[in-house]
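> Protein chains in written order, with the working numbering: chain W, 1 to 338; chain E, 339 to 657.
Just so you know, the hints here were simulated from the structure itself, not pulled from any lab data. One or more hints might be untrue.
Taking lysine-lysine and the BS3-like style, the derived pairs with C-alpha atoms no more than 25 Å apart in a straight line are [what the hints assert, rightly or not]: (1) W:K253 x E:K399; (2) W:K122 x W:K253; (3) E:K526 x E:K579; (4) W:K54 x W:K122; (5) W:K54 x W:K84; (6) W:K122 x E:K526.
Computed from the model, here is a short list of chain E residues facing chain W with C-beta under 8 Å [as the list claims (entries may be wrong)]: (7) H344; (8) N433; (9) Y486; (10) S491.
Note that the Cβ used here is the ideal one computed from N, Cα and C, for glycine as well.
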Amino acid sequence: MLRFLASRLGTAVLVLFVLTLVVFVMSRVIPGDPAVVYAGPKAPPEELARIREKLGFDQPLIVQYVNYLGGLFTGDWGNSLATKRPVLDELAIRLPATLELLFAAMLLAVVFGVVLGVVAAKRPGRAIDGVIRFLAIGGVSMPAFWLGLLLQVLFVGRLGWLPATGQFSTEVEYVSPVAHVTGFPLLDSLLTGNWIAYSDGLAHLVLPAVTLAAYPLGLIARMTRASMLEVLGQDYVFTASAFGLRDGLIRWKLALKNALPPTMTIVGLAAAYTLTGTFFVEVVFNWPGIGQFAVGAMLAVDYPAIMAITLLGAAGYLIANLVVDLIQARLDPRVRLS
Amino acid sequence: MTDLLHIDDLEVAFQERGMLTNRPVRGITLSVAPGEVVGIVGETGCGKSLTALAVLGLLPKGAVPSGRILLDGVVQPLDGSGSARGDVISIVFQNPGTAFNPVFTLGRQMRDVVARHRRMGRAAATAHILHYFEQVGLPEPERIFRSYPHELSGGMLQRAMIAMALLCEPRLLILDEPTTALDVTIAKQILELILSLRDRFGFGVLLITHNLGVVREVCDRIAVLYAGRVVETGPADAVLKAPAHPYTRGLLGALPARHVPGQPLDAIRGAVPGNLLGLTGCSFRERCPLAIDRCGEIDPGLAPVAPLHEAACIRAGAR
Chain W
1 MLRFLASRLG TAVLVLFVLT LVVFVMSRVI PGDPAVVYAG PKAPPEELAR
51 IREKLGFDQP LIVQYVNYLG GLFTGDWGNS LATKRPVLDE LAIRLPATLE
101 LLFAAMLLAV VFGVVLGVVA AKRPGRAIDG VIRFLAIGGV SMPAFWLGLL
151 LQVLFVGRLG WLPATGQFST EVEYVSPVAH VTGFPLLDSL LTGNWIAYSD
201 GLAHLVLPAV TLAAYPLGLI ARMTRASMLE VLGQDYVFTA SAFGLRDGLI
251 RWKLALKNAL PPTMTIVGLA AAYTLTGTFF VEVVFNWPGI GQFAVGAMLA
301 VDYPAIMAIT LLGAAGYLIA NLVVDLIQAR LDPRVRLS
Chain E
339 MTDLLHIDDL EVAFQERGML TNRPVRGITL SVAPGEVVGI VGETGCGKSL
389 TALAVLGLLP KGAVPSGRIL LDGVVQPLDG SGSARGDVIS IVFQNPGTAF
439 NPVFTLGRQM RDVVARHRRM GRAAATAHIL HYFEQVGLPE PERIFRSYPH
489 ELSGGMLQRA MIAMALLCEP RLLILDEPTT ALDVTIAKQI LELILSLRDR
539 FGFGVLLITH NLGVVREVCD RIAVLYAGRV VETGPADAVL KAPAHPYTRG
589 LLGALPARHV PGQPLDAIRG AVPGNLLGLT GCSFRERCPL AIDRCGEIDP
639 GLAPVAPLHE AACIRAGAR
């Protein structure tokens, strides 16, 4: 198991290294002069030259790359051209909110996706299967920003059950502010027993999390259904019923454990896709995460920020897949051998 | 004496949207006494596996069974609602490599079976399982208990499968082509193991096979199935030495062991009829070398040809 982990980790590091190169080259070939972004469109030429020198653009590309790589390791990811503050700081204050949203969405997606998939596979072709497949296709094909608006109209506008935007109500930030423990706001409110903030934060989390979960949930439900149907046709499932084991045990334990590894592959891919999905959802729900910052950075050609966000996204993808690999190895002894 | 298993005029038809589509089992009567090994022999599609599934109450969707199945004189529900399977009746499948769940250890899988049918603590269940691993001659039972299926050979897995089948001390063991997927030497060991276990535990055995060599080695009695019916039945020795039905003779003639070098292999020409609905006359007549006009008119039932030996053929004696 350790060797398995080490080899997967080694691959991940290698991929990340290659990616720094790709990100760097891309940042140098995209149109738009960073010096102009930094100084503003009306800056005189000598001012631009001074900024280029300051930012290191006058040096050979290879030197720039080595400097960039060195900066990545020493925690200097460059300054945002738009806010002039270190990119790493900008991300650090926004990432926890995004991760909380992402985690909540993936949790919803995995739990409900798997359950719906197993239920649909119980009676393929029947009404319940049709309903679940319709929901799954709807979840996959509905654009997140549109679903988000619809949910806001229904649950905020019509029913008034849930708050529309933000991570906490403004009053909460005055009455019962969240103390800093881990930096993850909702988690901190729970850890410090700040129930006012926690319940308020949960209420704020529901709509964006559901919006974000729709796509991965649909994918996971469909994959689980297909994979369960295949597993249910296997000899060992027949053996289990021939030995009189109960249907519930066969489906939810014996068959599902076989059906999960292919589903987990989809979970890894969906998690990465969902990470980018947070960008839209955060804008719709005014969520204080990296999504809004990322959208701003792209519009402003704030290339240090774009590079940092790209690397972060790639790291997230690699971590998600590493976790998936580990879960698969845990579920299926044969994976550990390969 | 009551039979351990008595199958009385079992029919299995298939229905789709209220319409009969096929009737692959057309009235099978068969019994197994305690300690007896009864072989069901026939080609693919003759209904032997469906018969076994009906006994287990595991017929596929759309199957409509009729007739009666009695276990120790008690009528069993044909719809699979009985709890006899895995308990009083056990089965060993053809392919041990795919019959075990690949993501659980053998010990875990067997514990599920024990937990379903017996009130037993975890430790007692483990000891129980290890005991049966020893009974089937598996070395290092503890290691087998912790092993995943892919870590063991086919022969070991089949022994483990037999151990699993014995966990609840079944009265009847169904063996569905238990040696077909195994090497010849391993197959022989498995058959010997089954016979010795039968002597020790006294269960009856229903052995399903198309391999007449296996039948010769282990069966006390056999039933030859053709197109969903028993066409010949009797003591194994008698049927194999003096087959009365032309189909049984054909099967024996097609054995490669009987083959004279240089001569083409004997084969029964034609194939089993695909759909058995609306069949009239003798179902074998199209392929039968002895068929006469009258075979198209009457469907012969089983009739004695010798003591305890019956065949369903109007030309049973003819050569």
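> Each hint: holds or not?
Verification of the supplied hints:
Between K253 (chain W) and K399 (chain E) the CA atoms are separated by roughly 23 Å; this keeps the pair inside 25 Å, and the hint holds. Only pairs whose Cα atoms come within 25 Å are accepted, and K122 (chain W) paired with K253 (chain W) is accepted, the gap being roughly 14 Å. A distance of roughly 22 Å separates the Cα atoms of K526 (chain E) and K579 (chain E); the hinted pair therefore holds under the 25 Å criterion. Using a Cα cut-off of 25 Å, the hinted pair K54 (chain W) and K122 (chain W) is violated, with the two alpha carbons roughly 65 Å apart.
At most 25 Å may separate the alpha-carbon atoms for a hinted pair to count; K54 (chain W) and K84 (chain W) meet this at roughly 13 Å. Proposed proximity of K122 (chain W) and K526 (chain E) is contradicted: the alpha carbons are some 41 Å apart, above 25 Å. Nearest Cβ of chain W to the Cβ of H344 (chain E): about 21 Å, over the 8 Å cut. The hint is violated. Evaluation of the N433 (chain E) hint against chain W yields a held restraint, the C-beta minimum of about 6 Å falling below 8 Å.
Proximity of Y486 (chain E) to chain W holds as hinted, the smallest CB-CB distance being about 5 Å (cut-off 8 Å). Hint status for S491 (chain E) relative to chain W: violated, with the closest Cβ pair at about 16 Å, above 8 Å.
In summary, the numbered hints that this structure violates are 4, 6, 7 and 10.
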